[in-house]
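Undergrad: Spelled out from the first residue to the last, the chains are:
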Amino acid sequence: MPELRVVGRPVLRDDAIEKVTGTARYTTDLALPGMLYAAILTSPHASARIARIDVATARGEPGVRAVLTGDDLDVLLGLYLRDKRILARGVVRYQGEPVAAVAADTLDEARSALRKIRVDYEELPAVFDARAAMAPGAPRVHPELATYERMRGVFFPEAGTNVAHHQKIRRGDAAAALDAADVRIEATFDNPPVQHVPLETHAAIAQALPADRVEVWTSSQSPYTVRHLLAHAFGLPHASVRVHVPYVGGGFGGKAGLGVEPLAYVLSKACGGRPVLVSMTREQEFNTMPSRQGLTSTLRLGATRDGRLTALEATYVWDAGAYADYGVNIGRAAAYAGAGPYAVDNCSIDSYVVYTNKVYGTAFRGFGHLEVLWGVERAIDRLARALDLDPVEFRRRNLLRSGDTTITGEPIAVGHGSPRKCLEAVAQAIGWGLPPLPPDAPNKVRGKGVAMLHKAPAMPTNTSCAAVIKLDEDGAADLLVSGVDYGQGTYTVLRQIAAEELSLPIEKVHAVWDCDTAMTPYDWQTVASRFAYMGGNAVIAAAADCRRQLIDTAANALGVPAEALVCRDGRVCVASDEGRGLEYRQLALGFTFPNGNAIGGPIIGHGRSIATGLTNLDPETGQGRPAQFWTYGAHAVEIEVDTETGEITVLRLVTAVDAGKVLNPLLCRGQIVGGVVQGLGSALLEGFQFDERGRLMNPSFVDYKIATAKDLPREIVPIMIENPQPDGPYGARGVAEHPMISVPSALGNALFDALGIDFSSLPLTPERVLGKILEAGSR
Amino acid sequence: MIRLTVNGRLETASVPAGLTLLELLRDRFHLTGTKEGCGIGECGACTVLLDGLPVASCLVLAVEADGRTVETIEGEAIGGELSKLQKAFLEAGAVQCGFCTPGMIMSARGLLRRNPRPSDDEIVEAMSGNLCRCTGYEAILDAVRRAVEHDPSPSAPRHAHSPPQKEDRRA
Chain V
1 MPELRVVGRP
11 VLRDDAIEKV
21 TGTARYTTDL
31 ALPGMLYAAI
41 LTSPHASARI
51 ARIDVATARG
61 EPGVRAVLTG
71 DDLDVLLGLY
81 LRDKRILARG
91 VVRYQGEPVA
101 AVAADTLDEA
111 RSALRKIRVD
121 YEELPAVFDA
131 RAAMAPGAPR
141 VHPELATYER
151 MRGVFFPEAG
161 TNVAHHQKIR
171 RGDAAAALDA
181 ADVRIEATFD
191 NPPVQHVPLE
201 THAAIAQALP
211 ADRVEVWTSS
221 QSPYTVRHLL
231 AHAFGLPHAS
241 VRVHVPYVGG
251 GFGGKAGLGV
261 EPLAYVLSKA
271 CGGRPVLVSM
281 TREQEFNTMP
291 SRQGLTSTLR
301 LGATRDGRLT
311 ALEATYVWDA
321 GAYADYGVNI
331 GRAAAYAGAG
341 PYAVDNCSID
351 SYVVYTNKVY
361 GTAFRGFGHL
371 EVLWGVERAI
381 DRLARALDLD
391 PVEFRRRNLL
401 RSGDTTITGE
411 PIAVGHGSPR
421 KCLEAVAQAI
431 GWGLPPLPPD
441 APNKVRGKGV
451 AMLHKAPAMP
461 TNTSCAAVIK
471 LDEDGAADLL
481 VSGVDYGQGT
491 YTVLRQIAAE
501 ELSLPIEKVH
511 AVWDCDTAMT
521 PYDWQTVASR
531 FAYMGGNAVI
541 AAAADCRRQL
551 IDTAANALGV
561 PAEALVCRDG
571 RVCVASDEGR
581 GLEYRQLALG
591 FTFPNGNAIG
601 GPIIGHGRSI
611 ATGLTNLDPE
621 TGQGRPAQFW
631 TYGAHAVEIE
641 VDTETGEITV
651 LRLVTAVDAG
661 KVLNPLLCRG
671 QIVGGVVQGL
681 GSALLEGFQF
691 DERGRLMNPS
701 FVDYKIATAK
711 DLPREIVPIM
721 IENPQPDGPY
731 GARGVAEHPM
741 ISVPSALGNA
751 LFDALGIDFS
761 SLPLTPERVL
771 GKILEAGSR
Chain R
1001 MIRLTVNGRL
1011 ETASVPAGLT
1021 LLELLRDRFH
1031 LTGTKEGCGI
1041 GECGACTVLL
1051 DGLPVASCLV
1061 LAVEADGRTV
1071 ETIEGEAIGG
1081 ELSKLQKAFL
1091 EAGAVQCGFC
1101 TPGMIMSARG
1111 LLRRNPRPSD
1121 DEIVEAMSGN
1131 LCRCTGYEAI
1141 LDAVRRAVEH
1151 DPSPSAPRHA
1161 HSPPQKEDRR
1171 A
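Residue numbers (this note's numbering), protein chains in the order written: chain V, 1 to 779; chain R, 1001 to 1171.
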């Protein structure tokens, strides 16, 4: 391969100039003529019957244009299971659930009218613990579960229970292998629900137009999915729904699927087609919009005396909250990844996604993998200890390598990434095996830990993506895609790929921001760390299409065979005589001969990509091929613990990810550092707290802390490993979610190294750590 | 009626008593670069300079700005020319989704205004009231360091591809 000019370079992102000048427009920065503002009344109860709603007074308040309740709307929404209403109807299933909404001339008027709505509730029995919700006789969150429309053959709700999905993985005979194992461990681990905390809360503007058309502007990761689900829910042709996505202020999975768009749409309809803005308050972002699911894992692992992992049995119980949303697919994806990146011949996993009366769960960076690997990677350390083996050495002996098969029977071929290289890289960088430096003070102790991570895109077997490149009069290229760049930098990477493929300088390739389902070509949605991979392949194909058209026109213009021509430095030229050729600008709209005759026409290339070779999983055994590619990684961390306060200081955190090919080291580093710090939030700071009536106790930045500039590790060391992905663009695979996964596991393992105490619940707050230290001291 | 200077220009407005400075800037003056992230002064996205000092504009009433000087992100680039601080944010890779960026830049501007040569501790302290969920802060702190006047050469930064040095920070 010739030397790359643009791909692999630290190209600066083109959107940053608008973002540093305050000119980048986000959804709430748009003010459409006649736009109204919405306010939402939410339920104070976790489980209640709505006995009566009186909105008559509110309807008469100044500025009010419409008031809606669930009684006005007979639409069920859902991604995989249609179980959710736009506004609660008859019952509320979590505290924070929208019950009524007002659209008014100003936000103040809408909020003021909200206070005039009277709702009488009759509280119903509720269930807040997912394991308790599985018990016979537990209150049922959705008594009508069996009637819901769902994606059949993929998801399996259990009628008459709270189980929205049960995913089974069966390989070998785990029970027999556990019996036969020389060494066994069993342990239970907990993760609380956490929030995505995008700095921009969910927001959407919708305008109902004549002839049943609708136009939407939304802060979303999923323009085409929003279009499809709106069309499906309201029985509209797809072309009648036009979805725009301006700049998006962070998503992390929370803005995938449908958000507040349906509510904005029905309010607009109720207001005679005035555009309506629905923008969530920060409290509603915590309390009404979905979070990451909680998880309780029970793991049983067995190994031979010589350190071979022979059995893994796991029960994963996901706290889905009140609605299934992405939760059912998380329960599925995290199950097929639920043994970690290890070869284990005997594996049995039961993953249950269980309704409770709490704010519901959805996709969150890592898609369940941070949660399951909190358990698996802590359990692997404990098993190594039980074997009296070094945790790195135990992992080394059991990591997947080519020739192995995963727990779903997928063969690991040459061309997969290398978990081993990631492990060796972080072990070396942290000085594994060397004693930590002496602590800063006598009341402090130090420790080191490692953890592995892996994840594949969790996506439908037929996921697809398209790209369009059109050439401008001046020979530059415009790139149109419908994946959303909500900060991760994919548009910059796609520009680099297009520049490389079209032999143009990066400055002459422009990404078209603002996705628009009427203008930009199809993409499934921007989730699962697959946009650079699938979008990259689509851009390569689109550029090839442009080159074919350029060469075709140039061949006629120059009177030479197409085979003799190449694209080089913005020109089509004769390969053997590069001086002879035409610039792209002479061809972009068609070539004009000196006598005025013209040939060709505007150059517009299109390319596409689709998932290949994926299968649904067998419902009874989970066997099949779910993964387009696996990205592997590892973390190693050195920490210092203050034994008087329980406070953890992260001294050094090393992260290696097998990116296949680093398309842009600056952006890749941004993903790693950003992901690691978000992972530290899950490890040390974050978690929902509910009271005994299921009310969220910390729905604000006062009580729910995310990492600040003061919470950084003293040093973060990203290491990018490059074992090319054969079918990836330039060998690349996705890396966006991965740096977050297993950060808590590495911290937990380091904490054991420092204190000799096993922690099984997150977050590792000073209170929790100190509590365990005191408990251990008193024994 | 209040009178205030916004980005060097005298503005007047008739405002209700409860209107916040954030609402005045965004809804009346259409300066939408200043963002609302929480509405209770905890996230820093709405940071602007009031008489040169960084404030959470969601917690300041518009009437409190009467007779005073307000600087927002829209005033940071002069005549289309990016400030050194803005350039540093670009070059350090300090921008991802960008929603926190205006507030970050205004906090940094406030710091550099009162202390052109801040220590590393002072930079971290000044930026720690602004939340970012994308970047992990490292590149943002790096950008502020680049912009500090005594930085030998902003075009050849000290921390381009090495982690920032923070050993002294917790002292």
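None of these hints come from the bench; they were simulated from the model. Treat the hints with care, as some may be off.
Dumping the calculated DSSO-like pairs for lysine-lysine here, alpha-carbon to alpha-carbon at most 27 Å [to be verified]:
id : chain 1 : residue 1 : chain 2 : residue 2
1  : V       : Lys470    : V       : Lys444
2  : V       : Lys661    : V       : Lys444
3  : V       : Lys421    : V       : Lys661
4  : R       : Lys1087   : V       : Lys710
5  : V       : Lys444    : V       : Lys710
6  : V       : Lys116    : V       : Lys269
7  : V       : Lys705    : V       : Lys772
8  : V       : Lys269    : V       : Lys444
9  : V       : Lys772    : V       : Lys710
10 : R       : Lys1084   : V       : Lys508
11 : R       : Lys1087   : V       : Lys705
12 : V       : Lys710    : R       : Lys1084
Undergrad: Please go over all the hints and tell whether each is borne out by the structure.
TA: Hint by hint, here is what the structure shows:
no., hint, result
1, Lys470/V / Lys444/V, "61 Å, violated"
2, Lys661/V / Lys444/V, "41 Å, violated"
3, Lys421/V / Lys661/V, "14 Å, holds"
4, Lys1087/R / Lys710/V, "24 Å, holds"
5, Lys444/V / Lys710/V, "20 Å, holds"
6, Lys116/V / Lys269/V, "22 Å, holds"
7, Lys705/V / Lys772/V, "22 Å, holds"
8, Lys269/V / Lys444/V, "62 Å, violated"
9, Lys772/V / Lys710/V, "25 Å, holds"
10, Lys1084/R / Lys508/V, "25 Å, holds"
11, Lys1087/R / Lys705/V, "30 Å, violated"
12, Lys710/V / Lys1084/R, "24 Å, holds"
This entry does not satisfy hints 1, 2, 8 and 11, going by the numbered hints stated previously.
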